[in-house]
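Participant: Protein sequence lines, in the order shown, are assigned to chains A and B.
Numbering-wise, the numbering used here comes out as the position in the first sequence, counting from 1, plus 207.
Numbering-wise, the numbering used here comes out as the position in the second sequence, counting from 1, plus 59.
Honestly, the hints are just simulated from the structure, not real lab data.
All figures in this text were calculated on a predicted structure; none of them were measured in a lab.
There could be a bad hint or two in this list.
What the hints assert, rightly or not - Some chain A residues near chain B, calculated using beta-carbon distances under 8 Å: (1) Met-237; (2) Met-240; (3) Pro-275; (4) Ser-288; (5) Gly-296; (6) Leu-300.
Cβ coordinates follow ideal geometry from the N, Cα and C atoms, glycine included.
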Amino acid sequence: MLEAFIFATILCGFFGIILKKNLLMKIISMDVMSTGVIAYYVLIASRDGLFSPIVGKVANAAYSDPVPQAVILTAIVIGFSIQALMLVGVMKLARDNPTLETNEIEKNNTP
Amino acid sequence: MTAITIAWIALPFFLGFLIFLVPKLNRHLTLWGSIASAAYALQLFVEPTPLTLKLLDNFGVTLEVDQLSGYFILTNAIVTAAVIIYCWRSDKKAFFYAQMIIVHGSLNAAFVCADFISLYVALEVSGIAAFLLIAYPRSDRSIWVGLRYLFVSNTAMLFYLVGAVLVYQTHHSFAYAGLKDSPPEAIALIFLGLLGKAGIFVSGLWLPLTHSESDTPVSALLSGVVVKASVLPLLRCAAISPEIDTIVRIFGVGTALMGVSFAVLEKDSKRMLAMSTISQLGWILAAPEVGGFYTLTHGLVKSSLFLTAGALPSRNFKELQQKPIDTKIWIILVIASLSISGLPLLCGFGAKVLTMKNLLPWQAIAMNVAAVGTAITFAKFIFLPHTQQGEQLVKPGFWPAVALLITGLVAANVIYLQAYNIADITKAIAIIGGGWLAYTFIFQRVAVSLPRVLEQFDHLIGMMSLILILLFWMALA
Numbered sequence: 208m209l210e211a212f213i214f215a216t217i218l219c220g221f222f223g224i225i226l227k228k229n230l231l232m233k234i235i236s237m238d239v240m241s242t243g244v245i246a247y248y249v250l251i252a253s254r255d256g257l258f259s260p261i262v263g264k265v266a267n268a269a270y271s272d273p274v275p276q277a278v279i280l281t282a283i284v285i286g287f288s289i290q291a292l293m294l295v296g297v298m299k300l301a302r303d304n305p306t307l308e309t310n311e312i313e314k315n316n317t318p
Numbered sequence: 060m061t062a063i064t065i066a067w068i069a070l071p072f073f074l075g076f077l078i079f080l081v082p083k084l085n086r087h088l089t090l091w092g093s094i095a096s097a098a099y100a101l102q103l104f105v106e107p108t109p110l111t112l113k114l115l116d117n118f119g120v121t122l123e124v125d126q127l128s129g130y131f132i133l134t135n136a137i138v139t140a141a142v143i144i145y146c147w148r149s150d151k152k153a154f155f156y157a158q159m160i161i162v163h164g165s166l167n168a169a170f171v172c173a174d175f176i177s178l179y180v181a182l183e184v185s186g187i188a189a190f191l192l193i194a195y196p197r198s199d200r201s202i203w204v205g206l207r208y209l210f211v212s213n214t215a216m217l218f219y220l221v222g223a224v225l226v227y228q229t230h231h232s233f234a235y236a237g238l239k240d241s242p243p244e245a246i247a248l249i250f251l252g253l254l255g256k257a258g259i260f261v262s263g264l265w266l267p268l269t270h271s272e273s274d275t276p277v278s279a280l281l282s283g284v285v286v287k288a289s290v291l292p293l294l295r296c297a298a299i300s301p302e303i304d305t306i307v308r309i310f311g312v313g314t315a316l317m318g319v320s321f322a323v324l325e326k327d328s329k330r331m332l333a334m335s336t337i338s339q340l341g342w343i344l345a346a347p348e349v350g351g352f353y354t355l356t357h358g359l360v361k362s363s364l365f366l367t368a369g370a371l372p373s374r375n376f377k378e379l380q381q382k383p384i385d386t387k388i389w390i391i392l393v394i395a396s397l398s399i400s401g402l403p404l405l406c407g408f409g410a411k412v413l414t415m416k417n418l419l420p421w422q423a424i425a426m427n428v429a430a431v432g433t434a435i436t437f438a439k440f441i442f443l444p445h446t447q448q449g450e451q452l453v454k455p456g457f458w459p460a461v462a463l464l465i466t467g468l469v470a471a472n473v474i475y476l477q478a479y480n481i482a483d484i485t486k487a488i489a490i491i492g493g494g495w496l497a498y499t500f501i502f503q504r505v506a507v508s509l510p511r512v513l514e515q516f517d518h519l520i521g522m523m524s525l526i527l528i529l530l531f532w533m534a535l536a
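Excised from the complex, chain A in its bound form (with noise of 0.2 Å):
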């Protein structure tokens, strides 16, 4: 149920950035999609459990995968880094091409 859920945010991110029009949009669209890879490595992390691995007073319980987790951290970061970049790079565009839109950009930008 929540794979199908975390699935359908991946696809309606994919759907965003080749559906919208607005280059905000698209850039918006793809941070849907990479909450719904965050949420799929969260999602993996806690089959087995759901406590955190952590020295505790609670014995022998259900452990969460404490891998995955650590892992995505690292893609969050990237990810989050990408976004800023591309924020700022929309902005520089922004001047010149108000409505962001990609088709008018790309019809100005290509030779």
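Given chain A, put chain B in place with the hints provided.
Facilitator: Only chain B this time, still in chain A's reference frame:
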């Protein structure tokens, strides 16, 4: 050896950081970084056994260094050094050099890592740094081209991440070897990411615009090494199981044919070089065991061609055929074009023969067609008019940079001397002669220009879903 490897991986990033602190030393530090890589790569060729490192813990970063990565690292080092020499007396700021050494370092990391997550990090870092290099002139067009590159590669890498976690789910490790018994979705998603990032087959049509619209040194760097960052993992994956090997070979043949058919009809010199990069990536993938040598030769040739194309007075072949170019530049063009077409005495010949020897029977015809196509493509450069007089302006760093690359082309011949036998030499000359004949009688006259519909941004992203379905179907079969 372990300590040296780790220090060598960290060195470029450290140098990049240092450049920001001491901007005066920018070129020197970058050059020393690439020399260090070259030394490390050469040392790998004398090392008999491959080195495998497992850092931190069972789930930590794994590195695998062998001769195959040695070829890629050497390509990276030589091309970066040539580009730095080319830029030596230009007005590029320290920022540019810092990005360049960071690209260099992240590519090195991508060439040695052996698990999917380190690869992801290395590829994304190289993508970000390459974006900054593309967007360095800060013009609208360069920003748009860079954004498009970043967008396509990031979307491809998101698919790749899903594939990587599926591998983890089956094997509880991210190592490449886990791809063997993973579900077909994992193979399809990971391959989509790598193919899209490397610019292979239809998902790689972002490449022509990006490589042709960038600045001359940047396109040399991009075409020479940056695209190869995700080719090496594909070669490594091909070694895991015969089924994956078949997929890689099919994509290799398809890409070689597709790229060359675009390149033959192309009228713009830089776009033609970019298209030919696509086809040459196909050559590397067509015979995964020996892809390393081909990578080295292609990296050297393509970066020297891009640097030379930047020195030509025009990008349009029509105009170039009217106006004679300087003979000295023409000679460089001819040497590089002959090497990529596979003429003996240049290392393109050895690489082509080695690849041909390692093809499966069903690939042979298609790859021979692609070889003829390459000869036709580069006949465009060879048959350009040229004169002695007429001083042409080249950048001050042009000659030393190209000299380094061309020397590399001749010197790399020693890697595969067995190629020099009568049968192979005759075949190579026949292929080139056939290509030139076809060029003079047919292709010089045709004026077909292919539509660029597939290169539009939306189509690039949409094409990913189709490739994903194709890959899934191939992985199931």
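Participant: Please go over all the hints and tell whether each is borne out by the structure.
Facilitator: The hints, checked one at a time:
no.: 1; hint: Met-237; result: holds (6 Å)
no.: 2; hint: Met-240; result: holds (6 Å)
no.: 3; hint: Pro-275; result: holds (6 Å)
no.: 4; hint: Ser-288; result: holds (7 Å)
no.: 5; hint: Gly-296; result: holds (5 Å)
no.: 6; hint: Leu-300; result: holds (6 Å)
The structure agrees with every numbered hint stated previously.
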